[in-house]
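Novice: Residues per chain are reported as follows:
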Amino acid sequence: MLTILKKIALTGIRSEPAPSVDDAEGVARLHASILRTLGRALAIRQVDAGSCNGCELEIHALGNPYYNIEGLGIRFVASPRHADLLLVTGPVSRHMVTALRRTYDATPEPRLVVAAGDCGCNGGIFGEGYATVGRVANVVPVDVEVPGCPPTPAALLAGILSAVKHAARGVAPADPRA
Amino acid sequence: MRLASLGLTPARLASNLPGVRAEATASQLLLAGRAAADDGARLLGLWASDGRDRGRGLCVHVLLIGTEGLVLLEHALPADGRFPSLAALFPAAGRMERAAYDLAGAASDQDDRRGWLRHAAWPASWFPLRRDATSDAPAAPAEPASEDYAFVRVEGDGVHEIPVGPVHAGIIEPGHFRFQVVGEKVLRLEERLGYVHKGIEKRFEAFAVTDGGRLAGRVSGDSTVAYATAYARAAETAAGTPVPPRAQWLRALALERERIANHLGDLGALGNDGGFAFGLAQFSRLREDVLRANLAAFGHRLAMDFVVPGGVARDLDAQQLAALALQSQALAGEVATLRDIYDEHAGLQDRFRDCGRVEPALARRLGLAGLAGRASGQAFDLRCDFPEAPYDELQVRKAAREEGDVAARAAVRFDEVLEALRLVRAIADRLPPTDLTGSVRVPLAALPPHRPGVGVVEGWRGAVTVALEAGPGGSIRRCHPQDVSWANWPVLEHAVIGNIVPDFPLINKSFNLTYSGHDL
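Chains A and B supply the protein sequences, listed in that same order.
Using our numbering, you'd call the opening residue of the first sequence number 1 and step up by one each time.
Using our numbering, you'd call the opening residue of the second sequence number 1001 and step up by one each time.
Just chain B, same shape as in the assembly (with noise of 0.2 Å):
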């Protein structure tokens, strides 16, 4: 990005990734954003800090990513200013403008002004990340009233409404799906998130640099190690501690492993919203095999507090690792079976197939990202595009489709499973000894006040990012999670349009985007 030309002074950006920062102006901000959509770069995350306190207003992030790696760019406010939209660059910034005002109160100039994150829980004129607010909104009512929020209706003849949620009929996160039909047939979707709006980014205030990642790691429970490796990074980064190199590879098994859970309970999701209930039956006992033996490696089935800024908290012995190998070789086997009678059931291919299609045209406009991205032409996988041990050694292959519907996502996932399989007989193969010290983790250095550390992931489900920044004395001033799911959510909107109304569910799921990580 020519950011040079654009009368910005790059710094480098403390990452895993390469990466530089630079302060903006409005009119530099926009024009950045543009040359860098016109790149072809792509939106990780866009959020608001309150930096009043050290004379420089409201301050919005924007975190690109391009070819050559990160820009984050920062953008003081000035007093009751609002900033320039990047929607209609990036739209999903929409969103996170709309959630960057309800959580600090920095407002950009989109005509959108509904609440996004805000419900009716707190009042609107009341910003919980605001240095001067304390963690107890006021007055907060017993009993919320609820809000009245400006669905877009559609209007003709047998148009009728359906809405669904929060309380969804499954075993699901609760969020609120507003479908506009005709007969079966969906004409629009709009989607109302932020029921499990926990105030996460608050709450890490609460917490010590070197505790948070305990935090991090509960941000979105199905990508547990997503969170706490892209939390670590971001903290030993912004601490310039060098890792060792062993607990950098113990951190891609459980990545891996983490991904082949998720996928392997997908698959039998995805079957059974078919109507394929054996595909569920067979797949969820996969899963379980694997939660089983993440137990004994781990200390724990989801390997929760398993990456900590530093290293990893416990080592894996010869016998673990040879463990998990052969169970992958196992695993790929049955996986391998399993693809077969999928590849093969007219019925579910039947489902599958031309069902929820977001072409890569379309994919790349609004910014598809992730697994879902990677089943619409849009092939960006950080493993392989900006590999950080181990992956610099693995080679990842990259999965890619270009049809885009559940048929191509399920594809995906099935390489991606296959792929981590090998991943982890590689890494249990080739991991390297403990150094001298004998240890897989060490003291993370102490942060420097107000230097932002970023860490970027390839979770299962897409790019899982951690923005952190240290106040005083190993505090945390500002800790902000952003998921793909970000990018992803307004993109399901699209793919249902056309589709029928009990096909939702099945391409939902062929999605599965992360309630808890988006609504914070």
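The following block holds chain A by itself, in its conformation from the complex (with noise of 0.2 Å):
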């Protein structure tokens, strides 16, 4: 217990700013959005729609010390009804399709969808073909996306942190099966 302690006080605090937005917002009225929105903190599912799993890598990072996101009052739920915003990777998958719709459907609305990576943006090195149909937009409403190859977790942060302005400034994105 001691050896665990006096690693603990030995490794500090390493949390780091989290990245801003633009530049008149910081993270105190992010926070503020956040609560004007939602109510309470926001909530995340990460829905792996047909990732190469980089993009996961990356999500993780997340959760780490240095961005430390439950900090900021995100969390990763394990269910989309628990969940405020669905954060996607792809490119999608034909069999993912259904299950992406089915988890897009459980999740409480307001509902924000976030599609995270190059192949959750344009479908990435993997297109469109037989076995997949691309971008994530294609099969839900996106209301932010976030470019990279993998996106660097400062980018997935700003991503989150754009899509709860956006839902605050009530723009809901078109369905794709409308």
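Hints may be right or wrong, so weigh each one.
Some chain B residues close to chain A (C-beta under 10 Å, calculated; not the full set) [said to hold, decoys possible]:
id, residue
1, L1030
2, D1222
3, L1280
4, L1302
When the alpha-carbon atoms are kept at most 16 Å apart in a straight line, the in silico EDC-like pairs for lysine to aspartate or glutamate are as follows [stated by the list, open to error]:
id, chain 1, residue 1, chain 2, residue 2
5, A, K7, B, E1334
6, A, K6, B, D1132
7, A, K6, B, E1334
8, B, K1202, B, D1132
9, B, K1185, B, E1493
10, B, K1202, A, D105
11, A, K7, B, E1344
12, A, K6, B, D1340
13, A, K7, B, D1340
Hints were generated in silico from the structure; no laboratory data involved.
Heads up, the beta-carbon is just placed ideally off N, CA and C, and yes, glycines get one too.
Join the two chains into one complex using the hints; note that each chain is given alone, in its own frame.
Specialist: In structure tokens form, the structure reads like this:
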């Protein structure tokens, strides 16, 4: 136990300030806008709809002490029914289309969708083919796209925060099924 | 292996490992498979290709590895014929054969006729890897029908079924697990994979050989260096292009950094799944340190696209190398401290020990390989068994355990991360200078069409294999990547038998197999 406490003390606090979404708005105001929009912390359900798992590695990194996403009042949850935001990686494989749509339908409104990675934004290197339908927006409405292969944790965080701003302005993306 | 006594005429195989290739009839395939299994050889891969436009019919390729190196057996099927199943000799072959049918329509004579990589997204009568298949599946449905997969059920009083996935509760890749349980005890687990099938092998056909490394580096993002290197070695050995020595060393540097980053991530996740959040916080911090240093050294946090056919994309200067060596030294100290904490944590060890055990005898019979294999007495590591430059000068110490439980798989990771940190220091210290041209990348010579090249690399999870066949004009005719996960996914089903359901995430994480690299 003593070695654990010693290691914690020696490690110290490594968290870094969150990236600003634009110059005018700081983290404190983003917190306020999360609270205004949702009335509580932001809950994210991550859905891998066909990624190479590179994006998942960087999404995982958001939880490490440097990015400390929970410290910003954002947490990953185990069910879409508990989620405000779906963080979806692609390209969407045909075998995941049904699962992704059902996950989206199970998420209570107001719901946000962030498509992460080049593949989620435009199909990426895999494109569209017999096994993939390409970008996430081909399957469910997407509020914000975060490019990158994979996007860095900082870019992912900025994308998540800007989706919340997006929602605060009341802009709803079109449903590809409509 | 006694290939000549079976009437086979072996020819040299273009590969970074010693190896031969031989054409085999159906009976020779079975006899050679049996001889190989008797000799203790292991199955690295099995795939099919379409040679009908060249008058050869559908072709099945079987890649084995024994003490002398690789053996690639190529069997051309008779029209409408089946090939003999190797699943009785190498259990992992069962799923590979089902995939060979799903993708190329080459059927084995095994009893299990269920689809494996094909669910319901494209018609069963259409085979994407046939030469006459255009890249679009015929009339793909907007919302694919859900398929009716025949899971094997356990009957009896109090037995019930738990379906899990494809969307899992964490930040994980998708797949379906079907548990048959009594109370909390797992009687049987059956995996259903293929959800992230992206048609990668078909996609390769749209790339030039010189450019295919980018796609290979995205087969499984966590092993991007291993895949890009295996692809590059396949292309280089087929083309006969020698790689600058400094580039070989830099590739090994990136590969060891990839091993370190993944092992650190897994050790943290194992602590977390064992209820020890301190471990996740500490190891995820160290992993981030590694990725940030990667960005400075390789221009990418995961070193994607650093390895290219012919060499590496950029050189590292003395200052960058010194920084990596310094970081390795600091990390070695931190990992040693954390290892002591893990080893002395009674609660954690209680979760780790005897959990998800695969005995060495079972591991050998099922063909458990790579990191998980080394935790169950299957002490194979390409860096030691067939050392290619620079490993031939670095004397890699092989990690090996016999216990086969979660604790052993954690211990192998600890041993290997410390060894990889030593290797990074050694490579940074002894890296050969650039040659007179000052280049770490040479142009790839033209690949002779229809002459396969095979690259095999010891990735952090185990062997990563890429078999490459060029077509005319520098095009890719067939590229088949095979991950060690093909060998290990079936063994996971055995590892959980008799364990309790809540231990499954811990056992699964201790294997940490790739979905994307398997589903292709």
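Novice: K1202/B and D1132/B: Cα distance at most 16 Å?
Specialist: holds (12 Å)
Novice: How about L1302/B: closest beta carbon in chain A under 10 Å, or not?
Specialist: Where the cut-off is 10 Å and the nearest Cβ of chain A is about 6 Å from L1302/B, the hint holds.
Novice: Minimum Cβ distance from L1280/B to chain A below 10 Å?
Specialist: holds (8 Å)
Novice: Hint L1030/B vs chain A: min CB-CB distance below 10 Å?
Specialist: violated (32 Å)
Novice: For the hint on D1222/B, does the least C-beta distance to chain A fall short of 10 Å?
Specialist: At 6 Å from the nearest chain A Cβ, D1222/B passes the 10 Å test, so the hint holds.
Novice: Straight-line Cα separation of K6/A and D1340/B no greater than 16 Å?
Specialist: holds (13 Å)
Novice: Measure nothing beyond the straight line between the CA atoms of K7/A and E1334/B; if it is 16 Å or shorter, mark the hint as holding.
Specialist: holds (9 Å)
Novice: Does the structure keep K1202/B and D105/A at a Cα separation of 16 Å or less?
Specialist: Distance ~32 Å between K1202/B and D105/A Cα, so the pair is violated.
Novice: Within 16 Å, alpha carbon to alpha carbon, are K7/A and E1344/B?
Specialist: Given that 16 Å is the threshold and the Cα spacing comes to 14 Å, the pair holds.
Novice: Holds or violated: are the alpha carbons of K6/A and D1132/B at most 16 Å from each other?
Specialist: Given pair K6/A, D1132/B is violated - Cα atoms ~65 Å apart, limit 16 Å.
Novice: Tell me if the straight-line CA distance from K6/A to E1334/B falls inside 16 Å.
Specialist: Holds: K6/A and E1334/B sit about 12 Å apart, inside 16 Å.
Novice: CA of K1185/B to CA of E1493/B, is that 16 Å or under?
Specialist: holds (14 Å)
Taken one by one, the earlier hints fail for this structure at numbers 1, 6 and 10, listed in ascending order.
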